[in-house]
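Protein chains in written order, with this note's numbering: chain A, 1 to 189; chain B, 1001 to 1189.
Rather than coming from a laboratory, the hints here were simulated on the basis of the structure.
Note that the structure is a prediction, hence the values are computed from the model and not measured.
It cannot be assumed that every hint is accurate.
No farther apart than 27 angstroms at their CA atoms in a straight line, the calculated lysine-lysine pairs in the DSSO-like style are these [said to hold, decoys possible]:
id, chain 1, residue 1, chain 2, residue 2
1, A, 74, B, 1003
2, A, 186, B, 1052
3, A, 88, B, 1042
4, B, 1042, A, 64
5, B, 1121, A, 3
6, B, 1008, B, 1024
7, B, 1002, A, 112
8, A, 2, B, 1042
9, B, 1008, A, 176
10, B, 1186, A, 42
11, B, 1077, A, 74
12, A, 3, B, 1002
13, A, 2, B, 1102
Stretch by stretch, here's where chain B covers chain A in the computed footprint (C-beta under 8 angstroms, at least three residues) [stated by the list, open to error]:
id, stretch
14, 19 to 26
15, 30 to 38
16, 56 to 67
17, 88 to 101
18, 144 to 154
All residues carry an ideal CB built from backbone N, CA and C; glycine is no exception.
There are 2 protein chains.
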Amino acid sequence: MKKSIGAKTLAFPTPVWIVGTYDKEENPNVMTVAWGGICCSKPKSINISLRKATYSYGNIVERKAFTISIPSEKHVKEADYFGIATGKKVDKFAATGLTPVKSDLVDAPYVKEFPLILECKLIHTIEVGLHTQFIGEIIDVKADESVLGEKGLPDIEKVRPILFGPEIRTYHGIGKYLGQAFSIGKEIS
Amino acid sequence: MKKSIGAKTLAFPTPVWIVGTYDKEENPNVMTVAWGGICCSKPKSINISLRKATYSYGNIVERKAFTISIPSEKHVKEADYFGIATGKKVDKFAATGLTPVKSDLVDAPYVKEFPLILECKLIHTIEVGLHTQFIGEIIDVKADESVLGEKGLPDIEKVRPILFGPEIRTYHGIGKYLGQAFSIGKEIS
């Protein structure tokens, strides 16, 4: 028997992604999002949701581009800080000592110290309510050579991404390997 | 120095969620999605992306409702199977021995054996390309009492959700607790 716990934005896992943007004065800004996901394979696209009140919202509307930098668990404090502070008041790169790098493909900066980044051009804007959903086409994915594994793809156990639990407000690392997708289920049928 | 690995739908982590729907004959169906995320806090909403070719696509268009059942890692094989088989040809519940339960709030079934479920009503349909994005308002969240922790909320370490690595096609469990959100970042500034 399941117990109702009410209408909540509660699903596991949600990601911890750092959205990079430039403001009108070319100042780089970053903010943390957990409301987001991949949303299309062709065009290759990813969605993130931001409140209009955020500094990044205006930057994306203006520049029509953003990056997603995926932090490793060793930077969980910085990732949390990026979601607490506002770019309206502080330079989050200066505060953390992390380094903005200008993308050569889209009009947005990414975080040099984070191992995996996506460079995105805005292709859709959907007004859902308190949050606006931005869908970006993934123009390129870049990774530190140190996290690459088989076939030149990022090894998730080297990237060590962070996941967020909404409502319980906790961060977790990734755990044990459970199996190969589109494969282990073939035993059934 | 980061290495370009090309435009790919590659971001970590992505979820492993089971979408539950009814077809025109009231047959319950389930499919696995990794393209999805929470997208708005008011209305409380979640998005999933499906190809038009899937059986579930037509069901959602018709019924304007779906559920999301979040499997524990012990059901990783069933979760994988739900993404391999098609409801056009097989009864995935019968094949796995899992149990469909009719939601009392929305016109869709969920998976009894999975510990955390969301009941959703369709509020937006966005044509992105190969995938259509469905945004559902979260009407209720239900959880097995056995996974509830502090404050009556689901404990992620009891739910033990699965995460998916796109491109590398691997499933992983959740790992160690890294800290409290909106808290550990306060040390910086």
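Do the hints match the structure? See the list:
no. : hint               : verdict
1   : 74(A) to 1003(B)   : holds (21 angstroms)
2   : 186(A) to 1052(B)  : holds (23 angstroms)
3   : 88(A) to 1042(B)   : holds (24 angstroms)
4   : 1042(B) to 64(A)   : holds (24 angstroms)
5   : 1121(B) to 3(A)    : holds (19 angstroms)
6   : 1008(B) to 1024(B) : violated (36 angstroms)
7   : 1002(B) to 112(A)  : holds (8 angstroms)
8   : 2(A) to 1042(B)    : holds (25 angstroms)
9   : 1008(B) to 176(A)  : holds (24 angstroms)
10  : 1186(B) to 42(A)   : violated (40 angstroms)
11  : 1077(B) to 74(A)   : violated (31 angstroms)
12  : 3(A) to 1002(B)    : violated (47 angstroms)
13  : 2(A) to 1102(B)    : holds (12 angstroms)
14  : 19 to 26           : violated (count 0)
15  : 30 to 38           : holds (count 5)
16  : 56 to 67           : violated (count 0)
17  : 88 to 101          : holds (count 3)
18  : 144 to 154         : holds (count 8)
The earlier numbered hints that this structure contradicts are 6, 10, 11, 12, 14, 16.
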